[in-house]
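Trainee: Protein sequences appear in the order of chains W and D. Under the working numbering, the residues of the first sequence are numbered 6 to 336, in order. Under the working numbering, the residues of the second sequence are numbered 619 to 1137, in order.
Derived by calculation from the structure, the hints in this document are not laboratory data. Among these hints, one or two may not hold up.
[Unchecked claim] Quick list of in silico lysine-lysine cross-link-like pairs, BS3-like style, CA-CA up to 27 angstroms:
hint	chain 1	residue 1	chain 2	residue 2
1	D	Lys1043	D	Lys876
2	W	Lys135	D	Lys933
3	D	Lys688	D	Lys702
4	D	Lys1020	D	Lys943
5	W	Lys230	D	Lys1043
6	W	Lys230	D	Lys933
7	W	Lys333	D	Lys1020
8	W	Lys135	W	Lys230
9	D	Lys1043	D	Lys878
10	W	Lys133	D	Lys933
11	D	Lys688	D	Lys644
12	D	Lys815	D	Lys688
13	D	Lys1043	D	Lys933
14	D	Lys943	D	Lys933
15	W	Lys133	W	Lys230
16	D	Lys1020	W	Lys230
17	D	Lys702	D	Lys815
18	D	Lys644	D	Lys702
[As the list claims (entries may be wrong)] Not close to chain W: a few residues of chain D, all C-beta gaps over 12 angstroms, as computed:
hint	residue
19	Phe832
20	Asp964
21	Gly992
[As the list claims (entries may be wrong)] Cβ pair distances, simulated, as ranges:
hint	chain 1	residue 1	chain 2	residue 2	range
22	W	Phe139	D	Gly732	37 to 43 angstroms
23	D	Thr713	W	Ser281	18 to 24 angstroms
24	W	Pro108	D	Lys943	51 to 57 angstroms
25	W	Pro108	D	Gly992	27 to 33 angstroms
By construction, the Cβ of each residue, glycine as well, lies at the ideal position given by its N, Cα and C atoms.
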Amino acid sequence: MSSVSTAKVKGRVRSAALRDIFARQEFGVVMILLVMVVFLSLYTDTFLTSTNIFNILRAFSWIAISAFGQCLVIITTGVDLSVGSVMGLSGLASAMLLVRGVPVPLAVVGGLAAGFVVGMANGLMITKGKLPPFIATLGTLLMARGICNGLTGGWPVRDLPQSFRTLGQHDIPIGNVGVPLPLIFVLILAVITSLFLSRTTWGYRIYAVGGNEEATRLSGISTDKIKIMVYTLCGLLTAVGGVLMTARLGVAAPLAGWGYELDVIAAAVVGGTSFSGGEGTILGVLVGAAIMQVLRTGLVLVGVSAYWLQAVQGFVIVTAIMLDQLRKRRR
Amino acid sequence: MNEPAKYLLCMEGISKAFPGVQALDKVDFEVDEGEVVALVGENGAGKSTLMKILCGAYRKDSGRILIYGKETEIESPHHAQQLKISIIYQEFNLTPNQSAAANVFLSREPRQRGVGRFFNLVDRQRMEQEAQQLLERVGARVPSTALIRDLSVAEQQMVEVAKSLAVDARIIIMDEPTSALGEEEVETLFDIIRTLKVQGIAVIFITHRLDEVFRIADRIVVLRDGQRAGDLPIDEATPEEIIRLMVGRELVTDMFHKEKAEIGEPFFEVRNLTGRGTVRDVSFTLRRGEILGFAGLVGAGRTETARLLFGADRKESGEILVEGKPVRINAPEDAVNAGLSLVPEDRSNQGLVLGLAVQENIVLPTLDNHARAGWVNRPALRRTSQEYVDRLNIRTPSLQQKATYLSGGNQQKVVVAKWLASNPKVLILDEPTRGIDVGAKAEVHALMSQLAQTGIGIIMISSELPEILGMSDRILVMSEGRVAAILDREEATQEVIMTYASGEAENQIVDQTSKGGDA
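So here's chain D without its partners, still in its complex pose (with noise of 0.2 angstroms):
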């Protein structure tokens, strides 16, 4: 290890217990002024907790945290602010119906000069000005009164930057900063970071993208179950060597593999469904055992083609058949009947009934199925359940377990096995493995494969190419609510499939036709 003295920021030995379990065992942790640092680990290897201390949600059972050298006690959240310690949660601290300069400028707005400021009045014009400032300084191209509840994801995760730099924070923490974003905001993201980089600002980045990793990062610290596995600078790093760090045992290296399923006729199709504005006129169909992947940047209409689809928001027009006669589909009551799933994007706000019991959870859209005439038939229920978890391998204490206290990947699980007992002919899959780990995700992904095999059609929606390019069978590509182009597994690339999504390939097409024009 360096000097202390030298590091910005450096936690020795620190450890924490929850009852029941050592969250954290004598964790060696430094960052240097200008240093982009990725944490990373299996969900549950102590991350969180780690950077938690770090920003004063948590106090640390042992070990010394020194900033320049200085050995210092973090108190609380307020005091991490004051040591200039700022973090990022994946789940915003942004007020929605405020402007984005009332946001980065939360609790320590500007105060009025004169009278004004014996009454407490805010600076309106200044704290807009410095805002916009701070906005442009992260490469936000939004105005600082903008409301946050008006801008996209990518744009309030650069309000939340700005709000550290106000604070003037050193050290920079982001819990999963990319979980959110597309392919392009991702990039714009590590712009910025390097902009950070360059005002030597330390950036922690905690991912469970690998790739990630490699593009942005200068160094790379594994957590294994709460303690330090590796350290490695990146141009040492291998992913396969991370992979082995993180899981402690050899993985294999081509993660996203589907296994050959036998695929049978189309027996599904959607024609010209449109939703107001985000969706226009998408048609495809879809064959027993296939998997169909949705790919295409954030905001290009995915997740929304899914919920009109399944009947979740309302359709202007367009048609859904299933096995060659058309379904009305309203609601998700509807699309339930007529052999739907949907395993959404959000898990714990719309996928799971955090506080429910497990068993609950999965048996919620089969309920008539576990019961004669209303009454609920608990050892049914509860035969399914156990089903369901022994086949999914969900790891619960028990069925009685509120779904809250299960990781994300066997949350994830719960979601998929509630599906499972409906008996799907269709299983949307939007984003199903975001922000779980490997090895969960490895568990999925051979789900996937195995319901495939038993004739199932799969439509699943993924941000992440090599997840995308790994387990489609095709990849319908979708920009600015069009389909864009529909690949078969053979002719995708990540190239051509940015292509497509990033409407560039339109262009190229436009730019041939007017070539021939003008010849």
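Bound-form chain W, shown alone (with noise of 0.2 angstroms):
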């Protein structure tokens, strides 16, 4: 079966290019994407509005952030559940050394450091500890969290400079429009890491250890490193998403973030990252992470209840999921 005649071949070839884009994983989620926006813009008049427009991308990018990192780490069949902890812990990591009187750019760094750290022994657990992913994330999400309020007794920081606020809250007119600074971070985070991940030795390696750890690590590849990199990577990201959150919030709550875990990875797999691993992309995790958002925002602007929302977006992922899988088999 495997020896196909070659004028077979060639024409496969050609139909090949056309077919690949709808066999594309990112093709059907851009399409769902593209759906609701045209529906919003048809149905409410306030969607399309750039305030409306941004007000979404603004309030997505630390979710999209995080889960380009959730997204590398579910490719090698794990999964981090800290992220939402991550995220309140970096930002009051932060927070505490500005109102110190650290200068901002040290106290930024200061909060990446937090998310690094916890990312590293996450990793740390899962490869030399041997712990399950669910196991030792869940560990560091409950620990994570429990620091947040025990430094704080419950309160939050407050009064955080102007300077770090800019980060979360300036705008960058481009034209006549005013776009929002965390989405320029989210774009450019989005192409490095999407470089990382398909240009890069280690971006290979990520796919190899997802798709076969054994196989990965009897070619001669230490997956323990790929491991505690990919963990410590979305810890990182996950702090550059806390960070932004912070400033643009402008306090440091310790339950900031509190649950976020479940967007983070919802946006991860809707984007279509697949839990059984080797598979994923960062452009697919970015249309998730939006039709998240849109779903949100969308929502309420067609006048279903707050109350109702989560229902709702419990459903679209398992629908996007559930099409997903059908996509694939029918391959």
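Reassemble the complex: the two chains are provided individually, in unrelated frames, and hints are given to aid placement.
Mentor: Here is the structure:
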């Protein structure tokens, strides 16, 4: 069956280019996003205003950035439940440094370091400690949140300097619209992470580990190193999200980011990252995060009560995954 | 053809097409009570498709299936089971964390009588007793309470057979049942098949090993390209004839033939390698251009030795010297850096990332050579993979094809390719031709000869004695984790190897010394 006649192969290659676009992982989610955007634009007057669009994008930015990291983790067949707490912890770390008079750049580095450390701890527990990712990151979810509560005694850290808040609140004028700074960060990080994943040896190895860890190890690749790297990067990216979130809100509450791990995982999964590993792209995750955010705002705009929101979100997640499974089976 | 009514099973004119390929084209196949039919053919000849239709996994496009002359439409695997047709796949369908008894009665556990029946409670005692009887019927000496994960492959297979008996199967299909077994266990399996025969059960036996066909089958059906190429009673068949029918061309009768290679100085040495229970005190040397065959029964520690050498498992003690210098190997990456490479026994789980493209699998161990500062040089990567696809004649529609879609033989060549790209000094091949078809087998053997000629030292683990005898310059026989003998090509015969492998040689020596003591 493997020996296909050359004529057939040539024909296949020609039609393959077109079919590739349809078969691409991102095709389905991009279509869903487009349908949602078109529908909301027609149905409501407010959706397509630049204020609304940028509000959506601003709120989605930290989820998206953290989801890039989550995507790397899920590709290796892992999961990182600690991202919500890490967002809170990293933002809090920056805020506490700031109110003690530490200059903004150093305070930001401090926040990122917090995420880096938790991420690396996750990686070490999973590889050297042989803990299942679910358990290890459930532990750090609680630990990081507990540290937030313990450090603050439950009180939020306020009065952050304006120069820091700019990071989350400033709009950069491009043409005659102000593009929110966090969105710029999202796009830059999307390009970097995407190139990292698709063009570097590390990216290749991440996919290989997710596809078959044992075969990858037996190819002379230290799978432990890859996994530690992936969790550390996830912690670091999540910390970027956490710092941006804190800058946007202007206050670091001990419960900030509570429950966000579910939004982050949903964004990654709706974007086509497969829990069975070895599959997922940053573009897909970006679209997945956008879908979740458009859905949230859109439902409110069309008058769905906020109390029903989660039910619809849950439905969308499950439907998206089922459609994706169908697409795969058809091939 | 005989009267269909007389046959237990009669398949007539079965056709099945998949997108782009006619998998079966009007195939006739019949089997009678107490008959053992060997179904042979190259990979892709349609054996599995035919059997999957028989056990309800696929629906046929056309043709008739008659059971005792009665036309039957097999609608689902469940329906096939009701018709008392049972299949034992190459990869067993057992749940590793449950007992043998639970597996034998999977989903048909005997229920308690009385109140317990109302709550669907399992009658554990009865289940274990009945399972024990079934296990004994197939000659398995294991308690039915033992967990599957603690059983050897051969014992697991016996559980599979017992499972078929539990559903009172009249037709048992065995897909490559011997591929994971050593010589002794194969004999046990054949004993079981003979028992089944006496009980009037029909056995359909899919295999690549022709010698087995002659040992057990009553009749041979050969498929080629989805058609029946031959149907012969065993006494009228010869291996040459079957191979000719399978490949549709004359093949060199001496399949296992090593071409001469210049054998150089010893450059790789292993001293007193020992690892957790399974490998004890293994020492040997390997010379450039040499093929060192590892023979032994399954469980003798051959695969374990290879994994210890390669750093896949942790060794307790022992030294490895490459070109006279001791090397520290604690993980596969150390082994690769020292010039070692391992083509593992289990291709799909250990050798390949099936979801990745052929080209990415080929460059996996050498990614760093195809990158600058971490950036993958994609043209270089494609060049390398194309080079090896051409050199090893890997049949794939493109370099981007996922490895999972290749045939077994071509998958194996991809695994070999990825190591050749790393320029190894030592190539360890664990069962390099298991489960691949005759043509691909010959290609792999020719390739081994070529590689030896370039000065690579090859360690080849194989459970097929003809392959060991045909391909090796020297043969290391393992028995119970130790080196039982290292034989030169000239002094090795099947009998000598089996004597050492089964530990008999040791007994003979002990006998002689004890006799000497008596005198």
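Trainee: Look at each hint and say if it fits the structure.
Mentor: Hint check results:
Taking the CA atoms of Lys1043(D) and Lys876(D), the gap is about 19 angstroms. The hint holds against a cut of 27 angstroms. Pair hint Lys135(W) plus Lys933(D) holds up; C-alpha atoms about 20 angstroms apart against a cutoff of 27 angstroms. Using a Cα cut-off of 27 angstroms, the hinted pair Lys688(D) and Lys702(D) holds, with the two alpha carbons roughly 14 angstroms apart. Among the hinted pairs, Lys1020(D) with Lys943(D) is inconsistent with the structure: their alpha-carbon atoms are about 40 angstroms apart, more than 27 angstroms.
Between Lys230(W) and Lys1043(D), the direct Cα distance comes to roughly 26 angstroms. Compliance with the 27 angstroms bound is thereby established for this hinted pair. Between Lys230(W) and Lys933(D), the direct Cα distance comes to roughly 21 angstroms. Compliance with the 27 angstroms bound is thereby established for this hinted pair. This hinted pair checks out: Lys333(W) and Lys1020(D) have alpha carbons roughly 14 angstroms apart, not beyond 27 angstroms. For the hint linking Lys135(W) to Lys230(W), the alpha-carbon distance of about 13 angstroms falls within 27 angstroms, and the restraint holds.
Taken as a hint, the Lys1043(D) and Lys878(D) pair is honoured in the structure, with Cα atoms around 19 angstroms apart against an allowance of 27 angstroms. With a C-alpha separation of about 18 angstroms, the suggested pair Lys133(W) and Lys933(D) falls inside the 27 angstroms cut-off, and the hint holds. At roughly 19 angstroms between alpha-carbon atoms, Lys688(D) and Lys644(D) fall within 27 angstroms of each other, so this suggested pair holds. A C-alpha spacing of about 23 angstroms is found between Lys815(D) and Lys688(D), which places the hinted pair at or below 27 angstroms, so the restraint holds.
Restraint check: the Cα-Cα separation between Lys1043(D) and Lys933(D) comes to about 21 angstroms, which is no more than 27 angstroms; the hinted pair holds. The hinted pair formed by Lys943(D) and Lys933(D) meets the criterion: a straight-line CA distance of about 19 angstroms does not exceed 27 angstroms. Taking the CA atoms of Lys133(W) and Lys230(W), the gap is about 10 angstroms. The hint holds against a cut of 27 angstroms. Of the supplied pair hints, the one linking Lys1020(D) and Lys230(W) holds, its CA atoms being roughly 26 angstroms apart against a limit of 27 angstroms.
Between the alpha carbons of Lys702(D) and Lys815(D) the distance comes to roughly 15 angstroms, so the proposed pair stays at or under 27 angstroms and holds. Between the alpha carbons of Lys644(D) and Lys702(D) the distance comes to roughly 24 angstroms, so the proposed pair stays at or under 27 angstroms and holds. The Cβ of Phe832(D) lies farther than 12 angstroms from every Cβ of chain W, with a closest approach of about 28 angstroms, so its non-interface assignment holds. With a cut of 12 angstroms on Cβ distances, Asp964(D) falls inside the contact zone with chain W, its closest approach being about 9 angstroms.
Not every CB of chain W lies more than 12 angstroms from the CB of Gly992(D), the least distance being 5 angstroms, so the non-interface label is violated. With their beta carbons about 42 angstroms apart, Phe139(W) and Gly732(D) fall inside the hinted range of 37 to 43 angstroms. A hinted range of 18 to 24 angstroms for the beta carbons of Thr713(D) and Ser281(W) is consistent with their spacing of about 20 angstroms. In this structure, Pro108(W) and Lys943(D) meet the distance hint of 51 to 57 angstroms, their C-beta atoms being roughly 54 angstroms apart.
Taking 27 to 33 angstroms as the suggested C-beta distance range, the pair Pro108(W) and Gly992(D) conforms, at roughly 32 angstroms.
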